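Construct the entire structure; sequences and hints are all you get.
If you're matching positions, the sequence shown starts at 7 in my numbering and goes up one per residue.
In case anyone wonders, no lab produced these hints; they're calculated from the structure.
There's no promise every hint is true.
[What the hints assert, rightly or not] Dumping the calculated DSSO-like pairs for lysine-lysine here, alpha-carbon to alpha-carbon at most 27 Å: (1) Lys123 to Lys182; (2) Lys127 to Lys81; (3) Lys303 to Lys325; (4) Lys212 to Lys303.
[Stated by the list, open to error] Label pairs and their computed distance ranges (CB to CB): (5) Ile392 to Asn255: 48 to 54 Å; (6) Thr45 to Glu149: 46 to 52 Å; (7) Glu264 to Thr194: 39 to 45 Å; (8) Gly17 to Asn277: 25 to 31 Å; (9) Lys212 to Met95: 18 to 24 Å; (10) His268 to Thr239: 20 to 26 Å; (11) Asn321 to Thr45: 41 to 47 Å; (12) Asn213 to Met95: 22 to 28 Å; (13) Thr45 to Asn213: 18 to 24 Å.
Predicted, not measured: the structure shown is a model, and the values here were computed from it.
Glycine included, every Cβ here is placed at the ideal spot set by N, Cα and C.
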Amino acid sequence: MKEVVEKLEIGEREAIQNIIANALKMGGAFSLWRKPNSTEKVLMICNSGSVELDEISLEESVPGFVFAPFDPSQKKIFLTADIVFRFSMGKLQETNPDHRWWTTFDKRENEVPQKLKYHLKPGRDSSPSNYQELVQLGIKKIEEGELEKIVPSRFQEVTLAEDFDILQTFHTLCEKHPQAMVSLVSSTATGTWLGATPELLVSIDKNSKFKTHALAGTQPYHSSINVKSVAWTQKEIEEQALVSRYIINCFKKIRVREYLEHGPKTVVAGNVMHLKTDYEVDMNEINFPQLGSVMLKLLHPTSAVCGMPLEPALNFLRKYEGYDREFYSGHLGPINFDNESHVFVNLRCLQLMESSARLYAGAGVTLDSNPEKEFLETEMKMRNLIVLIAPQS
Numbered sequence: 007m008k009e010v011v012e013k014l015e016i017g018e019r020e021a022i023q024n025i026i027a028n029a030l031k032m033g034g035a036f037s038l039w040r041k042p043n044s045t046e047k048v049l050m051i052c053n054s055g056s057v058e059l060d061e062i063s064l065e066e067s068v069p070g071f072v073f074a075p076f077d078p079s080q081k082k083i084f085l086t087a088d089i090v091f092r093f094s095m096g097k098l099q100e101t102n103p104d105h106r107w108w109t110t111f112d113k114r115e116n117e118v119p120q121k122l123k124y125h126l127k128p129g130r131d132s133s134p135s136n137y138q139e140l141v142q143l144g145i146k147k148i149e150e151g152e153l154e155k156i157v158p159s160r161f162q163e164v165t166l167a168e169d170f171d172i173l174q175t176f177h178t179l180c181e182k183h184p185q186a187m188v189s190l191v192s193s194t195a196t197g198t199w200l201g202a203t204p205e206l207l208v209s210i211d212k213n214s215k216f217k218t219h220a221l222a223g224t225q226p227y228h229s230s231i232n233v234k235s236v237a238w239t240q241k242e243i244e245e246q247a248l249v250s251r252y253i254i255n256c257f258k259k260i261r262v263r264e265y266l267e268h269g270p271k272t273v274v275a276g277n278v279m280h281l282k283t284d285y286e287v288d289m290n291e292i293n294f295p296q297l298g299s300v301m302l303k304l305l306h307p308t309s310a311v312c313g314m315p316l317e318p319a320l321n322f323l324r325k326y327e328g329y330d331r332e333f334y335s336g337h338l339g340p341i342n343f344d345n346e347s348h349v350f351v352n353l354r355c356l357q358l359m360e361s362s363a364r365l366y367a368g369a370g371v372t373l374d375s376n377p378e379k380e381f382l383e384t385e386m387k388m389r390n391l392i393v394l395i396a397p398q399s
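Structure follows, in structure tokens:
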């Protein structure tokens with residue numbers, strides 16, 4: 007019989023740092039996240055080692071956290087939820103009553119090093135293509151009829167400020183991006199990644215409601231803009247419509263016709279705006295309990311991060327992009343947590359290096375694209391993180 011542990015009024019940030027420090031000392035992995043429009047932060051410790059999987063079954067999986075690469079042919083990383091800590095209202099509210107961890111926590115509370123030693127995975131050697139030339143090549147392939155849309159990406163290596171603290175940056179992202187899925191993941195298999203993604207891939211709640219959305223089109227945002235009166239260009243409208251069409255085609259493949267569609271509407275994600283259309287299916291009504299796993303496999307990689315048609319777009323990126331995206335534009339999120347699964351596309355993210363970070367961004371390219379504008383769009387998307395991590399002049 008599980009023993010009840012008293013709720014502890016320990017400061018949130020101090021507790022998170024202490025627990026992570028002890029997890030890292032013992033060679034464990036962790037994932038820390040805050041879901042969109044939520045104030046609760048969840049810290050999950052995996053001390054049993056990550057697992058590599060070909061596919062994730064949302065219905066049959068044990069509780070844990072998935073961290074999957076962009077390339078669907080590569081293995082997905084799964085961290086089991088060995089120990090879970092929840093934080094709300096700035097305090098550690100409850101935890102799994104594991105005495106070994108609590109003893110470790112109590113004894114080492116005052117021994118936390120100033121800089122934690124996160125799991126680091128060296129960035130793979132690469133020769134990224136000139137981005138504007140890559141966009142121009144994508145436009146050429148669209149003109150020739152090989153592609154409808156392509157989403158080339160790039161990365162930028164940024165030297166970290168001397169006082170950079172990735173945990174502090176996580177908390178700052180939570181404050182600045184209340185509608186994003188903010189996550190920090192560290193394991194030997196993945197390295198350490200931080201992000202604040204606006205894009206939901208698959209969600210299943212405890213009432214068996216399936217949700218996904220089509221998110222595309224980008225414009226700069228500042229507080230003086232009235233979101234309800236934003237005008238979008240034909241290029242941006244078509245770009246987002248292609249993502250919506252991709253989702254609807256996935257529904258058609260599995261003969262799902264009973265879905266709700268809301269949008270498109272303008273939404274804010276930090277310093278940018280996007281067009282978003284929401285989709286919802288009642289899995290009980292259509293008697294399709296495996297819908298989440300089936301759609302996860304069909305949707306990834308979506309046309310919002312890869313292109314259309316899928317296989318030619320994926321082959322184009324493998325051949326011409328010039329680097330391995332690894333976990334950028336893959337997917338991540340808690341699986342079978344409280345009888346719910348919430349999986350997001352890994353965007354607006356960085357990979358932690360020894361004294362730098364690798365930031366990633368892409369842009370949707372259609373027939374009406376302009377290479378210089380697409381490059382500036384990637385700059386805009388990286389800006390949210392650069393201002394938090396780079397030395398300020």
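Of all the hints numbered above, which does this structure not satisfy? Sort the numbers upward.
The structure conflicts with hint 5 only, although it agrees with all the remaining ones.
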